[in-house]
Amino acid sequence: MAPRTITPFGPQHPVLPEPIQLKLTLEDEKVVDVLPAIGYGHRGIEKACELNEYPKNIYLCERICGICSAIHGMTYCDVVEKLWPLEIPPRAKYLRTIWAEMSRTHSHLLWLGLAVDALGFESMFMQYWRIREKVLDILEMTAGHRVTQSVAVVGGVRRDIDDDQKKHCIEVLKDVRKEAEALNNVLVNDYTVKARTVGKGVLSYDQAIALGCCGPHLRASGVKEDCRQLGYWAYGDLSFEPITAPGGDTYSRVAVRCGELLQAIDLQLEAFAKMPEGDIAAKPKGSPPANEAATRIEQPRGELFYYAKGNGTRNLERLRVRTPTYANIPSLLVMLPGCEMADVAIIVLSIDPCISCTER
Amino acid sequence: MIDKLKEISKDQLLAEVKKYADSKAKFVTGSCNDLGDKLEVTYYFNASPGMDMSALRFVVGKGEEVPSMTGIYLTAVLIENEMKELFGLKVKDLAIDFGGHMMLAQDSPVLPMLKSEDQKAAAQKGGK
Amino acid sequence: MGIIATSRLKSPWIMHFDNSSCNGCDIEVLASLTPLYDIERFGIVNMGNPKHTDVLVVTGPVNRRTARVLKNLYDQIADPKMVIAVGTCSISGGVFHNCYNVLGGVDKVVPVDVYVPGCAARPEAIIDGVVMALQKLAKLQGVAL
Amino acid sequence: MNAWIIAIVTVIVAPFIGGFLAGIDRRITARLQGRFGPPILQPFYDFFKLLGKSKIAASRLQLMWIYAYLVLMITALLFLVLRLDILLMMFILGFAGVCFALGGFSSRSPYSHLGANRELMQMLAYEPVLLFLALGVYAQNGSFLISQIYASPTPLISRLWPIFIALLVILTIKLRKSPFDLSTSHHAHQELVKGIMTEYSGPYYALIELTEWYEIVLVLGIVSLFVANPLWVGIIIALAAYVLELFVDNITARMTVGWMVRFVWSVGVTLCILNLIWFWVFAAFKGVS
Amino acid sequence: MLPYNWMMAVAILLPVVAAVLVYIIRQYHVRGVIVILAAIALIVNSILFLLHGKDTFSPANAQMWNMVVTVLDYLILLFYIYVGISLKNWLVLIFALTQIIPLAWLEFGMGGSAALANVNPTFVVDHLAIVMTLVISIVGSLICVFAIRYMYDHEHHQHLEKSRQSRFLFWLVLFLGAMNGLVFANNLIYLYFFWELTTLICFQLIAHDLTKEAIGNAARALWMNSIGGTALIIAMIILFAKDVPMSLNGILSGGVASAVLLLPVALMCFTAMIKAAQLPFQSWLLGAMVAPTPVSALLHSSTMVKAGVYLVLRLAPAFAGTRLSVMIALVGAFTFMAASGLAISQTTGKRVLAYSTIANLGLIIACAGINTPLAITAAILLIIFHAVSKGLMFLCAGTIEHVIWSREIEDMEGLAAKAPMITTITAIGMLSMFLPPFGMLLGKWMALESASVIPLAAWLFVIASAAGIVFWAKWLGRLLQVLPKLGSKIESLSLSYTVPLWLLVLGIFGVGIGVASVYTGLVQNAVADVISSGQALAVQGWGLTVNGVSAVSSTANFAVGNYPVWPLFIVFAIAVLIPFIFVAIKPGELRPVYMCGEQAGGTDTDEWYSTADVKTKVQLGGYYFQGVLGEAALNPWTYTLSIVLMVIMFAVALLAIGGAL
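Protein chains in written order, with my numbering: chain A, 1 to 360; chain B, 1 to 128; chain C, 1 to 145; chain D, 1 to 289; chain E, 1 to 661.
A portion of the hints provided could be inaccurate.
[To be verified] Quick list of in silico lysine-lysine cross-link-like pairs, BS3-like style, CA-CA up to 27 Å:
no., chain 1, residue 1, chain 2, residue 2
1, A, Lys134, A, Lys166
2, E, Lys212, E, Lys162
3, A, Lys23, B, Lys92
4, E, Lys617, B, Lys90
5, A, Lys82, B, Lys115
6, E, Lys615, C, Lys108
7, C, Lys136, D, Lys55
8, A, Lys224, B, Lys4
9, B, Lys38, A, Lys82
10, A, Lys56, B, Lys115
11, A, Lys285, B, Lys120
The set of hints was computed from the structure by calculation and includes no laboratory data. Keep in mind that this is a model prediction, so the values were computed, not measured.
With the rest of the complex left out, here is chain A:
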């Protein structure tokens, strides 16, 4: 047996923006074994949610993850609304959809930037993040903050998008779409990027299902599965078709996200066009009843699962959050062994890990 290297990869590591550790066993440059260690981001939010009154939990849930924070807030509201059950007004559904897709747009731009940076392609990282700032600007304009938008309340949304804002948003989105398309074309056709991603970290169709993967990661293995197919909020009215890629490799994951980035912008434009007038929130009556509910919402990283149990008080009996990364981490055990040390960073990033989500 050739001599082996055993080394930590993380929790602090420049390619990992968040603390997670991989115990890597290497032979030359080849990874022969990997063991992920999590727990660096565990705060205990589920418990804290039981101690807070239910409207307050929105702010806590939004801080489960700072990248898809708006969707966490909305999903929390969605699951609490299901306890009554409480129907939200049509305009609120559209607004939630628009903000969710806006989050997806900025999140995918962020991921594409980080992924190419992990490949050592710094100039493209800069370009993706340059256009991401434009999306953040319209998020800030419509919601009031770049990162933690805090737009959802139980029963609907907190604020409306007026016509001027809408016009500006559409303008910016069209501009971003044009630039993103140009960048995507460069990215998926670049020789060096292809050489580094094609056939790396392969996860087959069956493996992806057996390991319970979700989101773009799953769809890159050819599984056509997207929570938006459920038609929650306004997705039922929009022309939505999940984007898949057959390869199951890192390149497919890049391609799927490139496609979803454009699709998200298209969905926003469509939603802006179809958005009805009306109220933006319904008023919940009393406390959540002693009931239980589970909901699944498609987050940029995949399927976000919330389970809530009420007990008739203003506190929830139990809130369970399963984030997409939680489902995708086990697939690293399959994808990493056999790859090269150089590919570890991009393969880990290819599941779009969100550790703070995972560990709550």
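Take the given structure of chain A and dock chains B, C, D and E to it, following the hints.
Positioned in the frame of chain A, the structure of chains B, C, D and E alone reads:
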């Protein structure tokens, strides 16, 4: 209400899970509730490809041992470890055992997700 | 010594460590590298390695496991060093202050020089924080920034 | 006596040129990425700041190798400016590289260790091309002495252009630019953190920066040999090659070690050998006629 | 000064007497003293040869000595047959028979014994032979001194009931005599006798530990070298048939003109290549690694394999300017490249050394094939430098083995902390193998500068040289890899270890710094003995200058290359030695290494917190690329190519004969 929820006993668990595995269903996640002297465990599955979710639920006493499904679904290793260290669910034969320190550090509180006395009292009051 | 003192103010290399934050501030730290904010104008470079760091940028509340990591990283940084706590959580624990696995702010573990509030702190505020750290350093050294 | 003056001037002036070029590099890179970029003098600020940091080391032995790296790099540069034997200069450059790798090996840090291993792989890739360059110089001039390159009326590039192309390929490795910034990179976003330099901090890291400045001057000096007569054309070509490397750096992702060795050996070494075969055939024909 | 016949006796017969004495006297200290005295005598004697200069020698009662040699020849061959039968190793048996039958036919059937008896002089001691005897006597004797204590520790570790050290030292000391005889011999039957004697001793030494592996590998060394012996006898038969005098002088005085000579010369070179373990015959030398380390040291540095390169060098004038010369250069260069590549994937220190030896011998043989004055100079300098450096390296490997009781490179991690002195010596030895300013690099530099005659050889040199850097630096890095707290206690070793080690270190620096004197005082004359045309190297100021004819200008004395020896040593001192003494030892502020923030403890630990807060030890494996560069992956290619090269080598020799007829 959880749709398509099937209540089983813990001894049936592996057989039921095997059925899901044979039909190529995807394991979604599990969750655990503290019912006072008992723990309620629910596992969710999804018939892939598609969005059809169903669930298995069993209730066990706090000291009882529960079989691990990691032999069938490796991906359940995270949730089973988590339930083990946060709720004290006694899962045996885990594929990868983090020994109670997956999420929690050495000096973290023990079994933090169990209901405190205050919580129990507050819930009782609200129930009435 | 003069040229070294001046150079210190012109070349603060930062390292970012995420304790157990929600990612909001982390991404904003990264965003400050990008074209709109271009932190490198001030000679600030994200090194990602404690051995090359002058300014440790910490985000998120300290939890029971990252406390050890943060302490280790801080010890590996060569003097003179500054610590900037970015975001409300890293200042006091923020919304997570009563979570069972959270110890609190960064100053529970390492001494903090500059606190940058915000949830999440904006890139402008982060850059401003680094500049404030430099002013503090300049004062300590007795040179003009 | 003259040689002494040249040597002293070189040792003093070269780092300024190298640092200045590094500064321009950072500015151009920033502009290529749509940013404004740091001041041109930024590398000097970094250098002096590093000198003022506390002296922390991970191992005592690693310090020795970094001094050796610097001294040998200067020696190699002196071989160039004093116009000595080019083959020996390549060997000394190799020694410098070995010292750098040994510095990486001499602490028990996984990242610097992996980086050092990669540095050796990089040497495996570029060393043949450098030695072939020396053989090419001999094939053209009948001498390994750099002074003969300057004395010769025919510029090297006229007959050694395939080797020149191979040299441009390995220039990317020597300047640690993408796609070959493998053992370490200028920005620490690679999978090995800072690779071979991970364990160097403060003044010792400053020494590495200083050595890199010498290295920039040295490798660009080697490029300029291709048109040594008149020298200013060679210097312009060298600067153009430098800018070209910056562009390549910004339009490529980082490749893997295995790919690098395969690429340099298949493209670079083949070009070199074809070039030398051409000389051989040419000489054979001349012998016949 | 001793009379000349006494000097010859000391060189060849004293080792025999000393060997018999150490075999009889079974007391550790007395035996040691005898070895040391013999070593001193041999060293002094070799220096006397240097002072005496070129001479010839024929023993007084030639008749008796011829008879002794003939009888011993057949005894050796009968012993081979016995070995072949008793081990049931048919290869050994077959190749013993292919020697004994043609030899008998030559001597008695064809009547060659009379021709062999008439050769005069029996021994020729020219400058090349003097260089060889200096190497054999100085480096070889130091290794014997080292072996005194080494074998004691070796057996102590093995828990042997009955000591076999006497037997070991007997063969070891005898080896020196056989080698001296070999390099002096002019008469082909004497050459053949000493040649077979070295093969026999080699067999005995490899088999010393009597394990199954040791005996198997010894048998392999035996049959492979027997192929060489067979080729030598066939060469002698052809020479006899063509009425060429049965001596090296006879072959060489025949000159290049007689193309008929090329076939026997090719056969003799083939014999030499087997002895020098050139591809595809490298496996016997690799197998020899099972023997106790002094054996390896002796085989690799000053004896056995050096006999091979010596013979090729000796015959160089006979094939100068022919295509055979080109082929010999290519076989050598190919071995240099392939062995360097294979060395990268080796995990055992001694195997790396073995491949490095094979590679360097390839380089020397390639230099002989290039056959220009500069190349021959390079070859002879390389023989000297390689003997000193490789002798030191193997002694270091042996010492390290006795410190950590392992030969694996990975186990040498952090040796600098356990045994700083031996690590330092090993590091110097390694640096001297591949880096400026040391001699090996000077030799490589000269080889490259001369190789433009045969471009393909030059290209192979280039690739080998790059691979060499990788495997040496990798191993060196492993040795020096230490925790921040460096062991300050210098290990105590027996004088029997340290004296040879330090003397060899001194030798490395001595011949390195004084290379100009070594060249003018020794090598220059040896080169002139081999190749008389022109002088390629000149001592100029503080360095060496290679002269040649320019393509650009037509100046007569035109410098092709320049090697500033002393300035390079000054640079080396500034770069490595001075910092080693002052900076590296000066206490710095030490901090633990970067482990992504999870290092467990201070500077004295290499553990980190892994999954579930478990402390894990960091493990650092090198790069070996066994899938790409391993023996399993490369050997099919290297064997095929090297066999093809050998076949072409014989083909060009035969074609030359065809042309001549």
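A quick look at each hint next to the structure:
1. Lys134(A) x Lys166(A): Between Lys134(A) and Lys166(A) the Cα gap is close to 15 Å, so the pair holds against 27 Å.
2. Lys212(E) x Lys162(E): Given that 27 Å is the threshold and the Cα spacing comes to 19 Å, the pair holds.
3. Lys23(A) x Lys92(B): holds, 24 Å
4. Lys617(E) x Lys90(B): Since the Cα atoms of Lys617(E) and Lys90(B) sit roughly 30 Å apart, the hinted pair is violated (cutoff 27 Å).
5. Lys82(A) x Lys115(B): holds, 24 Å
6. Lys615(E) x Lys108(C): holds, 25 Å
7. Lys136(C) x Lys55(D): holds, 22 Å
8. Lys224(A) x Lys4(B): Distance of about 22 Å is within 27 Å: holds.
9. Lys38(B) x Lys82(A): holds, 26 Å
10. Lys56(A) x Lys115(B): holds, 20 Å
11. Lys285(A) x Lys120(B): Given pair Lys285(A), Lys120(B) holds - Cα atoms ~24 Å apart, limit 27 Å.
Hint violations for this structure: number 4 only, all remaining hints satisfied.
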